[in-house]
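Taken in order, these protein sequences are the chains called X and S. Take any residue in the first sequence, count from 1 to its spot, add 5: that is its number in the numbering used here. Take any residue in the second sequence, count from 1 to its spot, add 29: that is its number in the numbering used here.
The reader is advised that the hints may include incorrect statements.
Said to hold, decoys possible - Looking from chain X toward chain S, a few residues come up when the C-beta cut is under 10 Å (computed):
| no. | residue |
| --- | --- |
| 1 | Thr18 |
| 2 | Lys23 |
| 3 | Ser38 |
| 4 | Arg49 |
| 5 | Tyr53 |
| 6 | Gly101 |
What the hints assert, rightly or not - Restricting the straight-line Cα-Cα distance to at most 30 Å, the calculated cross-link-like pairs of lysine-lysine (DSSO-like) are:
| no. | chain 1 | residue 1 | chain 2 | residue 2 |
| --- | --- | --- | --- | --- |
| 7 | S | Lys45 | X | Lys62 |
| 8 | X | Lys70 | X | Lys22 |
| 9 | X | Lys70 | S | Lys45 |
| 10 | S | Lys67 | X | Lys62 |
| 11 | X | Lys76 | S | Lys45 |
| 12 | X | Lys70 | S | Lys67 |
If you are wondering where the hints come from, they were derived from the structure by calculation, not from laboratory data. Just so it is clear, the structure is predicted and the values come from calculations on it, not from any experiment. Think of the CB as a built atom: it goes at the ideal place given N, C-alpha and C, for glycine as much as any other residue.
One letter stands for each residue in the lines below.
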Amino acid sequence: EAQVTQNPRYLITVTGKKLTVTCSQNMNHEYMSWYRQDPGLGLRQIYYSMNVEVTDKGDVPEGYKVSRKEKRNFPLILESPSPNQTSLYFCATSTGTGGTEAFFGQGTRLTVV
Amino acid sequence: AQKVTQAQTEISVVEKEDVTLDCVYETRDTTYYLFWYKQPPSGELVFLIRRNSFDEQNEISGRYSWNFQKSTSSFNFTITASQVVDSAVYFCALSELTDSWGKLQFGAGTQVVVTP
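Chain S extracted, bound-state conformation (with noise of 0.2 Å):
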């Protein structure tokens, strides 16, 4: 069974709106942790963000934010004033102990075109 699923197949967007993606997550163990992976045209997977899952704060890095809420299991991915840039595939992942640390169980991943 899926333990990320990522509703969302594909959200298509014009330049500078903003654009939410979400993750919903499925784990028994109490200690694991959540990515965010893009992948861009070029095919490359790039790494956006690791949260522990003992921190429920918010981040936010420039243009991105992550909203993180336990009571739900989800981590949802949000994309301010968007850019033709931010085209891409985004992954979400868990990486959980009874699995092995080293493992990640991605989503299957939620396609953004942003259109000038």
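With the rest of the complex left out, here is chain X (with noise of 0.2 Å):
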């Protein structure tokens, strides 16, 4: 079954705590992508990956690292988590060419007090 998997579902930090939010896929996918949504807002793409070793910014990069050493894995990592960082998470997993659906994690509700 295909599955993008975010750990974890929830989480409660406070400000400075540095916590990395993981994201696996099984399909093999060469696109990887965070999102963040916000109320009015919608989600907004913090980084995405092409592929293995291949990072970059999207709209909304500022406080956030990734990395991705290996094709199946994406973690989203936040050094220093500060309040305006609360917020819903997704990451996001497709082929990359034209026209192809993206299969989101469950999401994480992250907030920081």
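Starting from two chains that each stand alone, build the complex the way the hints lay out.
Following this line, the structure appears as structure tokens:
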């Protein structure tokens, strides 16, 4: 079964405490990305990766890091989280070719206090 | 600037009424793709439909239908005879080569509330 697995689903943390949200896919997709969802703004792309060791900034990259050491994994790292990073985060994967459907993880609800 | 506009923040209907969700997009590319996703209260994103810029045929899938009009840059979505299970946030999204095919540019979403 095609799956995109994000962990954790829910996380409450304090300002400045480094955290990592993991994302793993079993579809052998080249393209992976992270989005954040905020009320009234829809989903906005944070970072993306077109293949192993190839990553680039999306529309809202400030305060985030990513890495792509293996094709299946694409973790999102918040080195020093701040309250304005409180949001719902989604990992997505696709083949990266025109018109292909993106598959999303179940989402991670992050609260930074 | 937002490339996909969903002007309706929330639509409330009574069960069995029809509801139409508007989506207006902006692109300079001649080849692009449009999508609709559903986000039920459980939070996951469910793919509904994909349409490429060369195919202006309307599509119907059960109670769902989509009207794509390049002349007005719109890709509207209609739910016929709505049901309580249709209550969700619906997102329209655009994919264009200029920004890389893999990137989806989402509208702000429309919350649909269907009451019995």
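Against the structure, the hints come out as follows:
Checking Thr18 of chain X against chain S: minimum C-beta separation of about 19 Å lies over 10 Å; hint violated. Violation of the interface hint for Lys23 of chain X is found here, the shortest Cβ-Cβ separation to chain S being roughly 25 Å, above the 10 Å cut-off. Interface restraint check: Ser38 of chain X against chain S, minimum CB-CB distance 7 Å, threshold 10 Å, status holds. The beta carbon of Arg49 of chain X comes within 7 Å of a beta carbon in chain S, closer than 10 Å, and the hint placing it at the interface holds.
A hinted interface residue such as Tyr53 of chain X counts as satisfied when its beta carbon comes closer than 10 Å to some beta carbon of chain S; here the least separation is about 6 Å, so the hint holds. Taken as an interface hint, Gly101 of chain X checks out: its beta carbon lies about 4 Å from the nearest beta carbon of chain S, inside 10 Å. For the hint pairing Lys45 of chain S with Lys62 of chain X, the CA-to-CA distance comes to about 44 Å; that exceeds 30 Å, so the pair is violated. Only pairs whose Cα atoms come within 30 Å are accepted, and Lys70 of chain X paired with Lys22 of chain X is accepted, the gap being roughly 14 Å.
A threshold of 30 Å between alpha carbons decides the hint, and for Lys70 of chain X with Lys45 of chain S the separation of about 46 Å lies outside it, so the pair is violated. Restraint check for Lys67 of chain S and Lys62 of chain X: the C-alpha separation of about 26 Å stays at or below 30 Å, so the hint holds. Annotation: proposed proximity of Lys76 of chain X to Lys45 of chain S is violated, straight-line Cα distance about 46 Å (limit 30 Å). Between Lys70 of chain X and Lys67 of chain S the CA atoms are separated by roughly 28 Å; this keeps the pair inside 30 Å, and the hint holds.
Hint check: violations occur at hints 1, 2, 7, 9 and 11; the rest are consistent with the structure.
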